[in-house]
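Chains as they are written, first to last, in the working numbering: chain A, 1 to 80; chain B, 1 to 80; chain C, 1 to 151; chain D, 1 to 151.
You may find that some hints are simply not true.
Keeping only pairs whose Cα atoms sit at most 20 Å apart, straight-line, the calculated EDC-like set for lysine to aspartate or glutamate is [unchecked claim]:
no.	chain 1	residue 1	chain 2	residue 2
1	A	K51	C	E50
2	D	K58	B	E70
3	D	K58	D	D113
4	C	K58	A	E57
5	B	K51	D	D113
Computed far set for chain A versus chain C, every beta-carbon distance over 12 Å [as the list claims (entries may be wrong)]:
no.	residue
6	G17
7	G68
8	E70
9	I74
No wet-lab data here; the hints were simulated from the structure. In this text the structure is predicted, and so the values were computed from the model without any measurement. Ideal Cβ positions, reconstructed from N, Cα and C, are used throughout, including at glycine.
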Amino acid sequence: MARIRLRYYALLREQAGRNEELVNTAAGDAAGLYDELAARHGFSLGRTQLKVAVNAEFADWSRPLADGDEVVFIPPVAGG
Amino acid sequence: MARIRLRYYALLREQAGRNEELVNTAAGDAAGLYDELAARHGFSLGRTQLKVAVNAEFADWSRPLADGDEVVFIPPVAGG
Amino acid sequence: MSAFEFLRKPLDPAALGAALADVAAGGFVSFEGWVRNENDGREVLRLDYEAFEELAVKEGASIVAEAIERFGVRGAHCVHRLGELGLGELAVWVGVASGHRAEAFAACRYIIDEVKHRVPIWKKEHYRDGDSGWVNCERCAEAAHQHHDHR
Amino acid sequence: MSAFEFLRKPLDPAALGAALADVAAGGFVSFEGWVRNENDGREVLRLDYEAFEELAVKEGASIVAEAIERFGVRGAHCVHRLGELGLGELAVWVGVASGHRAEAFAACRYIIDEVKHRVPIWKKEHYRDGDSGWVNCERCAEAAHQHHDHR
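All chains, full assembly: derive it from the sequences and hints.
Structure below.
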């Protein structure tokens with residue numbers, strides 16, 4: 001089990017009903033973690049619409065998670 | 001003979017030593033008038049480097065001149 | 001000054017442009033993104049901007065550095081508003097100073113295009129009909145829902 | 001306000017941009033031409049601008065109207081300084097407001113390119129070595145002299 005800190009933005013923040021949370025997960029990678037959290041919070045965005053950042057760097061979905069990692073799922077961006 | 005008002009700008013103004021002048025000319029068109037004035041003032045610019053305006057509109061070099069016309073020879077421009 | 005910054009108060013284009021002043025630059029191009037009263041046929045009243053700031057400032061600074069390197073311009077800067085913005089307000093400013101104008105136009109265009117695609121910033125539109133939505137999210141969320149079983 | 005104007009005092013980009021404010025415009029692009037300290041390898045100290053104003057304002061206004069028509073932008077304006085300008089001063093300002101940014105960039109570029117080619121404005125550069133010259137005139141005058149017999 002890894003202890004992961006999540007931060008949520010935009011639509012995911014609203015659907016999760018929180019800005020951040022700490023979770024203990026058995027998911028081996030970021031993709032598995034998203035599926036777990038999407039089921040729990042009812043996220044409407046499919047994983048193919050998202051990017052993921054680990055410790056404030058863009059990361060692959062297959063990246064293994066380590067205890068203490070900070071994970072952010074990134075909805076489609078719309079600056080400007 | 002047509003009585004023509006010339007206005008000079010930039011290099012032509014400096015070479016003519018004046019901002020404007022009134023001339024009586026037998027030149028049939030703007031091209032002939034330029035050749036006449038280039039000889040008188042020693043203009044260094046060839047006619048192919050210039051445009052000409054008659055009565056504040058761009059005009060053809062072959063445009064016949066009429067009494068009272070205002071003519072401006074336009075050196076290569078360099079705005080901005 | 002960082003090459004990419006966020007501000008929670010109104011942007012001042014005159015001051016931002018002045019900071020790029022450079023007597024070796026002959027051309028300066030700036031882009032301003034203004035809050036528009038309409039998007040996709042819906043009447044917009046105001047916007048909320050939020051960002052994943054820690055990553056966004058790194059990605060934004062990378063984009064500005066890429067533009068300087070790629071187009072050989074002398075200076076470039078991008079600032080983005082956060083929080084609630086009303087109609088006509090300035091949401092993003094990009095400025096580029098260059099020896100010549102072609103490079104300034106190209107670099108400015110590059111920066112705003114890349115910022116809109118790569119930097120984690122989101123905007124929520126509030127519509128006259130009382131509805132609201134996250135731009136680029138609502139429609140792809142619907143698509144995701146329809147294809148839920150195929151993920 | 002005419003679409004193209006001359007001013008004999010410093011230009012104020014903030015005020016000029018504000019005059020194009022439009023809640024239906026999402027993108028605004030501006031170009032500023034600054035007096036550069038170097039041209040063609042020669043060190044420049046200051047510039048004098050002069051124009052055949054009567055024709056220039058007509059031609060300039062035509063260019064802005066062409067840009068609005070061709071690119072479908074919502075508003076555009078160009079202002080050019082006249083007289084003596086020092087290093088770093090703003091010589092020309094072009095602003096374009098548009099629904100979307102691609103058209104704003106294209107129209108702004110069109111206007112400055114055409115103004116530089118078509119509008120009867122001249123600049124005299126004053127160099128550190130004490131010499132001075134009318135840009136675009138001195139060299140073609142030499143060429144004209146060399147080809148004098150072939151005209």
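Now the hints, each set against the structure:
no., hint, verdict
1, K51/A with E50/C, "holds, 17 Å"
2, K58/D with E70/B, "holds, 16 Å"
3, K58/D with D113/D, "holds, 16 Å"
4, K58/C with E57/A, "holds, 9 Å"
5, K51/B with D113/D, "holds, 18 Å"
6, G17, "holds, 15 Å"
7, G68, "holds, 16 Å"
8, E70, "violated, 9 Å"
9, I74, "violated, 5 Å"
In the structure shown, a violation is registered for the earlier hints numbered 8, 9, in ascending order.
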